[in-house]
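Given chain A's structure and the hints, the job is docking chain B onto it.
If you want the building blocks of each chain, they are given just below.
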Amino acid sequence: MNEEKAPFPFNLIGKMMPAFPMMAVMGWMIVGVALLIGVFVLSPAQTTFFSDAKAVREGAATGSAFVQANVTRHAIAAWVPHFKFFGLGLGLMAIVMALGTIAKRLRHMGLIITKHMPADLRPAMPPPPKTVRLFQLGTVMGLMILMITLIVGIVLAVTIVPDYWNHSIANDLNTAEVGSGLLSQLGVVSSFAFWLNALRMVGMASLFTGISLALMVIIGTLRLQAKLLVGFYRQASGSREIEPAGAGVREPQLKPSPGLAVGSD
Amino acid sequence: MNSVATPKSPWQLKVYPIFSVLGWILIGLSFLIGLLVLTPTAIGYWGGSAKAVRDAAEAGTVLLGQLALLATVPLWLEPLVFVGVASFMVGIALESSSIPGLLKNRGLVMSACCPYLANTRSESQ
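In the order they appear, the protein sequences are chains A and B.
Under our numbering, the letters of the first sequence match residues 1 to 265, in that order.
Under our numbering, the letters of the second sequence match residues 1001 to 1125, in that order.
Okay, chain A solo, but in the shape it has when bound (with noise of 0.2 Å):
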């Protein structure tokens, strides 16, 4: 009773399910770095940056410290929140690994009850449900939006976000005029956190998409492997007279059945 094997590249995404304590480290670790940025990178560029009146900082010359330190707070403010957002989304796909690893264990351990089962009674083992590649294929779309937005922020804080901010705020930004580029770069800028953000938690609906579906499949599992067994059970029970069909059953009393090393010391 082997498996058919899955076509790429779910056969790919399956395979790599096991991995899931690595992915769930590496989301930390990039929530983690996000937080050493934040004390160490960002913090500094604020405090440097609101450490004198406003008409000194405003009016502070492109080059100086206070315009460098405008620059590196916006710019780290461009990115930093996806990358964040993307440990975040390893954390969820971990969780999807996990439950999707948990849903492959429960059909082995199907397979091998059924193969317990007199030939004659044992019923055919069901293709794995079409939730499965759902959620595969959910998780991977979440994942893909937080790397785009990441990409996205990225770009921006690498461009537009510096190009504009390193200028004098009083002497160069406040006295832009209408149709310049510097007003069309603050167009941009102070813009995109709308759409880009709100694509971020399109991103991570979809994780939990997959979370959700990944659950619907152990759910589903578990509920149809209960129907196959009921159903050997009231053939096993009716044919072989063990007991009267449909009788009930006792709760379990944990003695070791002979020839099943499941429940026995």
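None of these hints come from the bench; they were simulated from the model.
Where hints are given, some of them may not hold.
[Said to hold, decoys possible] If the Cβ cut is set under 8 Å, some of the chain A residues that face chain B in the computed set are: (1) Ile-113; (2) Ser-191; (3) Phe-232.
[Said to hold, decoys possible] Below, a list of computed lysine-lysine pairs in the BS3-like style, where the Cα atoms sit at most 25 Å apart: (4) Lys-130/A with Lys-1008/B; (5) Lys-1051/B with Lys-104/A; (6) Lys-130/A with Lys-1014/B; (7) Lys-15/A with Lys-130/A; (8) Lys-54/A with Lys-130/A; (9) Lys-1008/B with Lys-227/A.
[Said to hold, decoys possible] Some chain B residues well away from chain A (every beta-carbon gap over 12 Å; in silico): (10) Ala-1057; (11) Ala-1059; (12) Gly-1060; (13) Thr-1061; (14) Val-1062; (15) Leu-1064; (16) Gly-1065; (17) Ala-1068; (18) Glu-1095.
Quick reminder that beta carbons are idealized off the backbone N, C-alpha and C, glycines included.
Using the frame of chain A, we list chain B on its own:
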């Protein structure tokens, strides 16, 4: 005495899709509002007028209306997104809560089936 039967469909499995769909609706809606309302408004407000013009905007002008929109909508939009996230979590919790009942049923069914499985094995040896 417990009868050997397939587990009944738990109520949680009927309710959880509502929460999952609600989560998608709220998060999708916030994405659409961000993309189609807030982003063009922000580009129009900050990218379309000089600072002096923005600062001098009078009551009732389009500029002040845009500023009010940009200052207020995110205040409720972000919590709305998190209501969506919470909906997903409620859905996942409901699904998970149906598993213990299924496992209990599995234990009963397995204990009923074990003698027959054991006989099978001893017969085959």
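Item checked: Ala-1057/B non-interfacial with respect to chain A [C-beta, more than 12 Å] -> Given a closest Cβ separation of 14 Å, the condition holds.
**Prompt:** Is it the case that Gly-1065/B keeps its Cβ farther than 12 Å from each residue Cβ in chain A?
**Reply:** The claim stands: Gly-1065/B keeps its Cβ more than 12 Å from every Cβ of chain A (closest is about 17 Å).
Would the least Cβ to Cβ distance between Ala-1068/B and chain A come out above 12 Å? holds, 15 Å
Over 12 Å from every CB of chain A: does Val-1062/B meet that, or does the non-interface label fail? Given that every Cβ of chain A is farther than 12 Å from that of Val-1062/B, nearest at about 14 Å, it holds.
Exercise for review: Answer holds if the nearest beta-carbon of chain B is closer than 8 Å to that of Ile-113/A; otherwise answer violated.
Suggested key: holds, 7 Å
Non-interface label on Gly-1060/B, tested against every C-beta of chain A at 12 Å:
holds, 21 Å
Per the stated criterion, does the least C-beta distance between Glu-1095/B and chain A lie above 12 Å, as a non-interface residue requires? Since the minimum Cβ distance to chain A is about 4 Å, Glu-1095/B lies within 12 Å and the statement is violated.
With 12 Å as the threshold, tell me whether Ala-1059/B passes as away from chain A on beta-carbon distances. holds, 22 Å
When you check the alpha-carbon spacing of Lys-130/A and Lys-1008/B, does it fall within 25 Å?
holds, 22 Å
* Non-interface claim for Thr-1061/B: all C-beta distances to chain A beyond 12 Å? -> The claim stands: Thr-1061/B keeps its Cβ more than 12 Å from every Cβ of chain A (closest is about 16 Å).
Review point. Given the proposed pairing of Lys-15/A with Lys-130/A, does the C-alpha separation stay at or below 25 Å?
Key: Within the cut-off at roughly 18 Å; holds.
For the restraint on Ser-191/A, tell me whether the closest CB of chain B is nearer than 8 Å. holds, 4 Å
In summary, the numbered hints that this structure violates are 5, 8, 18.
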